[in-house]
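Peer 1: Construct the complete structure from the given sequences, taking the supplied hints into account.
Line by line, the protein sequences give chains A and B.
If you're matching positions, the first sequence starts at 1 in the numbering used here and goes up one per residue.
If you're matching positions, the second sequence starts at 1001 in the numbering used here and goes up one per residue.
Just to be clear, a hint being listed does not mean it is correct.
[Stated by the list, open to error] Here are some, though not all, of the chain A residues that point toward chain B, as calculated from beta-carbon distances under 10 Å: (1) Leu35; (2) Glu37; (3) Met39; (4) Leu46; (5) Gly50; (6) Glu133; (7) Ala135; (8) Tyr136; (9) Trp144.
[As the list claims (entries may be wrong)] With the Cβ distance kept under 7 Å, some of the chain B side facing chain A (calculated, not the full set): (10) Leu1025; (11) His1026; (12) Pro1031; (13) Ala1035; (14) Asn1036; (15) Asp1039; (16) Ile1040.
[Claimed, not checked] Just the calculated beta-carbon pair ranges, DEER-fashion: (17) B:Glu1074 - A:Asn91: 50 to 60 Å; (18) B:His1021 - A:Asn91: 28 to 38 Å; (19) A:Ser122 - B:Trp1004: 35 to 45 Å.
Worth flagging that the hints you see were computed from the coordinates, not collected in a lab.
None of these values were measured; they are calculated from a predicted model.
For each residue, glycine too, the CB sits at the ideal point set by N, CA and C.
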Amino acid sequence: MNRQQALFEYLLRLGDNALILGQRLTEWIGHAPALEEEMGSANIALDLIGQARGWLAYAGTVEGAGRDEDDLAFQRDVMNFRNVLLVEQPNGHYGDTIARQYLFDAFHYPLLTALSACTDQSIAGIAAKASKEAAYHRRRSAEWVIRLGDGTAESHAKLQQSFDTLWPYTGELFALDEVDHTLRRTGVAADLTAVRREWHEHVTRTLAGATLVPPQEGWMQSGGKQGRHSEQLGYVLAEMQFLPRAYRDARW
Amino acid sequence: MQDWPLWEVFIRSRRGLAHKHVGSLHACDAPMALANARDIYTRRSEGVSIWVVRSTDIIASAPGDKPILFDPSEDKVYRHPTFYEIPDEVDNL
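Peer 2: Okay, here's the thing in structure tokens:
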């Protein structure tokens, strides 16, 4: 794998994480438990989709095959997506969505902070802008974890179950492969070991504040970053990609 | 979530201006009220500072008191500073 291929893969990972989680959050529009939450989720979804746009546009430039961010978002099939499995997991109940969001936000913020110092100026620029948004996302989802975990007996039990279910998807966030190794040598890829330290520290503190028990470390799911996805992603893409695929010239 | 209290939201649009009432929202507690206010009322860069106040903590004048409270000031024209000659050199007073 040469540097250009690794960079393209790396940008797809960043872009697809933001795109798929953003798309998932938009599914709450019209269904959220409170109007205020609906607006909050929609804002975060828009932040993420905006970030995805930046990453995928740059990915298209790096690839040099004439694909723009729309082509990459709407004309790729499941196996060509590079998002982690965590973000494609279904919304479930609101506690499931909050747990998924928090586990991702706690990873996303330190990742973007690290990438703000990237030797690649385009990556550093997108990451610096996105990290402010991610800081707010993490604060908001952590506050919700504390309120639901330390809320009623029912909300506590449900949220504990959400974390237990999603925990096996957290290992993949920090798993290194050839893409990371190739880019680490030139100071482009973030140091995921340092990101993991901050993630772990933040998650431990938030779960304690929420009176939740950290799930047992065990077998971890993997594959999303290499394009091996759960069946969930196909449904997400079917909804997201239908219109631009059925109506190729659609404009708005 | 139906028993979330109501909060009144005040936004200061920029430095030097006063906070202005912009609306209300529901939230379970004060930090979430601030977060919701940020998400609902500052999406288009409307503000640099937010206040939230529990609606029940606002003491309002009764609409029925309007004649007693406000009508008496209507014929007190001398309370308006309109009896000064303003020199031409003064642009703003």
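Peer 1: Determine which of the earlier numbered hints do not hold for this structure and return their numbers in increasing order.
Peer 2: Hint check: 5, 6 and 7 fail, others pass.
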